[in-house]
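Take the given structure of chain A and dock chain B to it, following the hints.
2 protein chains.
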Amino acid sequence: MNTESAHSNGLHRVVIVGGGFGGLEVVKGLRGAPVAITLIDRRNHHLFQPLLYQVATASLATSEIAWPIRSLVRDRKDVTTLLATVTGVDAGQRRVMLEDGTAVPYDTLVLATGARHAYFGHDEWEPFALGLKTIEDATTIRRRILVAFEQAERETDHAVQTALLTFVIVGAGPTGVELAGTIAELAQHTLPREFRNIDPSTARVVLIEAGPRVLGGFPETLSEYARTALEKLGVEIELGKPVSDCRADSVTYGDRRLPTRTIIWAAGVRASPAAEWLGAPADGAGRLKVSPDLSVPNHPDIFAIGDTVTIAAPDGKPAPGIAPAAKQEGHYVATVLKARLRGKAAPAPFRYRHQGSLAQIGKRRAVIDFGWTKLRGALAWWLWGLVHIYFLIGARARLSVALSWLWIHTFNQRSARLITQGMPAADALPRDRQAPEPS
Amino acid sequence: MNTESAHSNGLHRVVIVGGGFGGLEVVKGLRGAPVAITLIDRRNHHLFQPLLYQVATASLATSEIAWPIRSLVRDRKDVTTLLATVTGVDAGQRRVMLEDGTAVPYDTLVLATGARHAYFGHDEWEPFALGLKTIEDATTIRRRILVAFEQAERETDHAVQTALLTFVIVGAGPTGVELAGTIAELAQHTLPREFRNIDPSTARVVLIEAGPRVLGGFPETLSEYARTALEKLGVEIELGKPVSDCRADSVTYGDRRLPTRTIIWAAGVRASPAAEWLGAPADGAGRLKVSPDLSVPNHPDIFAIGDTVTIAAPDGKPAPGIAPAAKQEGHYVATVLKARLRGKAAPAPFRYRHQGSLAQIGKRRAVIDFGWTKLRGALAWWLWGLVHIYFLIGARARLSVALSWLWIHTFNQRSARLITQGMPAADALPRDRQAPEPS
Numbered sequence: 034m035n036t037e038s039a040h041s042n043g044l045h046r047v048v049i050v051g052g053g054f055g056g057l058e059v060v061k062g063l064r065g066a067p068v069a070i071t072l073i074d075r076r077n078h079h080l081f082q083p084l085l086y087q088v089a090t091a092s093l094a095t096s097e098i099a100w101p102i103r104s105l106v107r108d109r110k111d112v113t114t115l116l117a118t119v120t121g122v123d124a125g126q127r128r129v130m131l132e133d134g135t136a137v138p139y140d141t142l143v144l145a146t147g148a149r150h151a152y153f154g155h156d157e158w159e160p161f162a163l164g165l166k167t168i169e170d171a172t173t174i175r176r177r178i179l180v181a182f183e184q185a186e187r188e189t190d191h192a193v194q195t196a197l198l199t200f201v202i203v204g205a206g207p208t209g210v211e212l213a214g215t216i217a218e219l220a221q222h223t224l225p226r227e228f229r230n231i232d233p234s235t236a237r238v239v240l241i242e243a244g245p246r247v248l249g250g251f252p253e254t255l256s257e258y259a260r261t262a263l264e265k266l267g268v269e270i271e272l273g274k275p276v277s278d279c280r281a282d283s284v285t286y287g288d289r290r291l292p293t294r295t296i297i298w299a300a301g302v303r304a305s306p307a308a309e310w311l312g313a314p315a316d317g318a319g320r321l322k323v324s325p326d327l328s329v330p331n332h333p334d335i336f337a338i339g340d341t342v343t344i345a346a347p348d349g350k351p352a353p354g355i356a357p358a359a360k361q362e363g364h365y366v367a368t369v370l371k372a373r374l375r376g377k378a379a380p381a382p383f384r385y386r387h388q389g390s391l392a393q394i395g396k397r398r399a400v401i402d403f404g405w406t407k408l409r410g411a412l413a414w415w416l417w418g419l420v421h422i423y424f425l426i427g428a429r430a431r432l433s434v435a436l437s438w439l440w441i442h443t444f445n446q447r448s449a450r451l452i453t454q455g456m457p458a459a460d461a462l463p464r465d466r467q468a469p470e471p472s
Numbered sequence: 034m035n036t037e038s039a040h041s042n043g044l045h046r047v048v049i050v051g052g053g054f055g056g057l058e059v060v061k062g063l064r065g066a067p068v069a070i071t072l073i074d075r076r077n078h079h080l081f082q083p084l085l086y087q088v089a090t091a092s093l094a095t096s097e098i099a100w101p102i103r104s105l106v107r108d109r110k111d112v113t114t115l116l117a118t119v120t121g122v123d124a125g126q127r128r129v130m131l132e133d134g135t136a137v138p139y140d141t142l143v144l145a146t147g148a149r150h151a152y153f154g155h156d157e158w159e160p161f162a163l164g165l166k167t168i169e170d171a172t173t174i175r176r177r178i179l180v181a182f183e184q185a186e187r188e189t190d191h192a193v194q195t196a197l198l199t200f201v202i203v204g205a206g207p208t209g210v211e212l213a214g215t216i217a218e219l220a221q222h223t224l225p226r227e228f229r230n231i232d233p234s235t236a237r238v239v240l241i242e243a244g245p246r247v248l249g250g251f252p253e254t255l256s257e258y259a260r261t262a263l264e265k266l267g268v269e270i271e272l273g274k275p276v277s278d279c280r281a282d283s284v285t286y287g288d289r290r291l292p293t294r295t296i297i298w299a300a301g302v303r304a305s306p307a308a309e310w311l312g313a314p315a316d317g318a319g320r321l322k323v324s325p326d327l328s329v330p331n332h333p334d335i336f337a338i339g340d341t342v343t344i345a346a347p348d349g350k351p352a353p354g355i356a357p358a359a360k361q362e363g364h365y366v367a368t369v370l371k372a373r374l375r376g377k378a379a380p381a382p383f384r385y386r387h388q389g390s391l392a393q394i395g396k397r398r399a400v401i402d403f404g405w406t407k408l409r410g411a412l413a414w415w416l417w418g419l420v421h422i423y424f425l426i427g428a429r430a431r432l433s434v435a436l437s438w439l440w441i442h443t444f445n446q447r448s449a450r451l452i453t454q455g456m457p458a459a460d461a462l463p464r465d466r467q468a469p470e471p472s
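Chains as they are written, first to last, in this note's numbering: chain A, 34 to 472; chain B, 34 to 472.
It should be emphasised that the hints constitute simulated quantities derived from the structure, not laboratory data. Since this is a predicted model, take the numbers as computed values, not measurements. Don't take each hint at face value.
Said to hold, decoys possible - From chain A, some residues computed to sit far from chain B (all C-beta separations above 12 angstroms): (1) 158; (2) 281; (3) 313; (4) 316; (5) 355; (6) 397; (7) 406.
Unchecked claim - Per the computed footprint, the stretches of chain B lying under chain A, defined by three or more beta-carbons under 8 angstroms from a beta-carbon of chain A, are: (8) 68-79; (9) 217-231.
Each residue gets a CB set at the ideal place from its N, CA and C atoms; glycine is no exception.
Bound-form chain A, shown alone (with noise of 0.2 angstroms):
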């Protein structure tokens, strides 16, 4: 490690890019430590991903699990934040490359900038299936949604009203069951009383997976349970059917076309280009291989943790692209990073512990995997709701989910239901026609 270019104060130069939990948490390992952070994100905000279903669901608001990563490390005078998009990464001269030309430098280079979503070579279905990784990505969802049932009122023909009405959700994943559980609930619950021509009740959910079972990364007991579950709350279950083709009027599942108006996709994610910023091996999925360190192989100086990496847990199989992972990952280089500061040896290689995994399925409903014990129903469901809103950041943000919670259980009264950024297509309806009569 060269610590020769260190200037500024003499001060080591840390770059993070990605204000995500890993990104943060490699902030929070370095408190103390000798060192001047740059933290590098193109969004001016850190997002709580597990609840970005919620405001694609109309659930939250969007300032609800985002917050400014410049006030969340506002008292760290060690850390500078910048907004800015990262191009590349001069690993010669040790410089990350941003869209205005600007070249930071840096010492030590953590790269935590996440993962897409990806359609499996589809790319053409992107328009079509819509993905759920941002706040924009969210708000998209919530206004496709909401619309469809505003277009399903409007609708004579009763073959485009039940496209309307038929909402598509491809992989089954905690993410793809807390959508279709979700928009299972909204449109029974929430939306009933105040349409006029349609049965908002009678709107379809279909969650389709390619795999034998739905939350695959569970165990089969949770898996069944959650299956069963879903059913009650009337969502079909298509399962061991890879989707073939997403249009905009249908999608193309087994031997199956069904025509739907909203497809979103919760199936396969693809790795940021950090690997190709680097030339370093990746997997597949653009994931980079990391020495067990958590270094860049042949760059010493480069850490990269989170969704844009691949490691194996213990028992083999690598471990998920869930928040808990990246968090330990980014503690984890933190301390491989002061040990080197301090000229002190390098702790043991990085090693995964699962914590656990959880998914709620719908209003009192919820599956817990912590290993040693399995929790199901309402026990479950109180537990997902205490955990997500101990891991918020700040009393604010406690106080303000809680209190949408408390009024989305009680009273079915989404609070966050907008369309906003675009119109409506009212071209997707046929022209010509004549509205309903009020009735």
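Just chain B now, with coordinates in the frame of chain A:
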């Protein structure tokens, strides 16, 4: 009034265009009347406009001041809500024309379509001088303000940095005053500790007004108080200086050209095209001139209310474009219509009763003019807050807004500081510049 054409259960068909304060009040006033109501709005939500500036300044979340229209009227089985854009009125055949070619027949039509901001014939200023009428307007202003601070943090050219930290508000009516005060507080109380290269509290907030004083519609003593209070907050006030040019990098007023990257337009409005739809007489701002019973001359079955009309207050001045005026007009139209349906004589001509004018200036500062008494300072500020919370719709919104305000005023932390919908214009910064060293 021709009731022969009424069908759909023989009920008189009332079509209301616009779900703002006026339109909703008509719905409310018609409760129990033998009518079938169709409420058409191109947005799915009713917007609490008086607090929209707080979304623009990151104080409130969008969903705290906007509620789905169909949710507000869900218990009224006589009301059908349509999310649709009206393109015209076929007064001969009594039909409202929608964007998708649909026609909605009516027996009585109420136009409550509101107003947009207007640039006194300088529409070319629109891209640079941001208006504030919709949720998207508010999130755009919020993004522009927050991005200006972010860009200033990275800027090394002092002149550009100063322009980025100069915020100009054109128009010193209540909205302009409230925006200026809140932006000043954001810069001075919320942001300072979070930046490393700039001092946000040095940001300039310039309020430009063509007239001789701020809050021109208020008594002079309150105008004077507001001016002093704004100046204490550091707002620079330029009176008697009409704006003569708005550009991407500057505003020109009087004989002065001021470099700035953020201009907010709170100076003028123009009514929606309801007058054009009918080919009916309007004033210079496009506001319909209505009969004493608020019907459109020569169209006894068409009423117009709110910001889309101009009516004289008892003092001869035009009634202001505020929520209470729209609500009084909506209530009156419902009364006229109910009298007609019962074959009774029309009530006395509409008479606007001014209940008071309010404006918040900053933390613990507001002015209120009730006519019979004038209030200013901390008491006025508490009253201002209580009045606004009272008029919010629903206990949920009241609790949520109260919580947000409590937080802001206790901790100076604003919870809705999200930059969404599009990245900052990084290319607005010169290229090939070295980023500031972490310090």
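Taking each numbered hint in turn, which are not upheld by the structure, reported in ascending numerical order?
Violated: none.
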